[in-house]
Structure formats: C-alpha cells, structure tokens
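Assemble the whole structure, with the sequences as input and the hints as a guide.
In terms of the numbering used here, the sequence shown opens at residue 1 and continues consecutively.
Quick caveat, the hints were computed from the structure, so don't treat them as lab data.
Please read these numbers as outputs of a predicted model, since none were measured by experiment.
One should not assume that every hint holds.
[As the list claims (entries may be wrong)] Calculated lysine-lysine pairs in the DSSO-like style (CA-CA distance at most 27 angstroms, straight line):
no., residue 1, residue 2
1, LYS84, LYS130
2, LYS71, LYS90
3, LYS66, LYS90
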Amino acid sequence: KEDILYRDEFKSCVSMNTRWRDLDAFQHVNNAVYATYIENARSTLFDKWSIRHDGVGRSLILVAIKIDYLKQLIHPSKIDVCQKIERIGKTSFDIKSAIFENGNRLPICISTATCVCYDFTKESPVEVYKEIINDYNNN
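Following this line, the structure appears as structure tokens:
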C-alpha cells in the first residue's frame, strides 16, 4: 500500500479544471482521464528541463505508469497535479505525482511514472540528464 502524500510535500504543481467530456456514465471523472491530467503536468517538466516533445534528439520515453485511485473526482472541480522526482537510476527515473482537488491537503490519486532518457537520433537510452538529477537533488 502506498504511503499517503500531502500537498505540501511537492514543490511543482500544475493547476487544471475538469472538463465535461472527462465524465463517465456514473457522472464522475473517468479513471483513464487521470493519466491524461498526469501526462499534461509531466509535459511541464519537459519544458523545465529543455527536453524536446517531438521525438527528435534528446527526449524521454514513458515506460510504465501506476495509478492508485483513492477517491472519486466529480465535475466541475479545480485540481492540482503535483509532482516530484522520486528515484534516479542510470538511464531511468521515477516521477511521483498526486492529484489534489480544490486545494485539499490529501490526494485523490497517487501515481508513479517511470521514464527513460532516450536519444531518438541514436535510437538508444542515455544516462539521466543533468537537469533531472539537479531537480532530484533540489527536492
């Protein structure tokens, strides 16, 4: 079982609003949409680290994602997707994310995404970029 994370444990958060189209037949946000919220927040890290989004040269590949759903999310809601680097390996690292609703301290879900640093020109994994290591060291 995941340890509970609190909002104040994260330095990096991205605010979003739920959308009508995010709802499922039960009138709450569909579980698959949480992955999209997390992906949108993760793309801000690409920008922070000056990593390309276009599949050319130095980039990242998402190789795994795990999401633990703790509470349902109802529309309309304002959410914060907060994230931090949790682990650094030789070519991979983990991003811990949590989604918080309407300023609450406790998350509605927790996620771990494993990414590999990848050079699309060389078509091979590369060592974790220094910008990511610096971010991890400053968490």
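Verification of the supplied hints:
With a C-alpha separation of about 15 angstroms, the suggested pair LYS84 and LYS130 falls inside the 27 angstroms cut-off, and the hint holds. Between LYS71 and LYS90, the direct Cα distance comes to roughly 35 angstroms. Violation of the 27 angstroms bound is thereby established for this hinted pair. In summary, the hint linking LYS66 to LYS90 is supported, as the alpha carbons are separated by about 21 angstroms, within the 27 angstroms threshold.
In terms of the numbered hints stated before, the structure departs from hint 2 and from no other.
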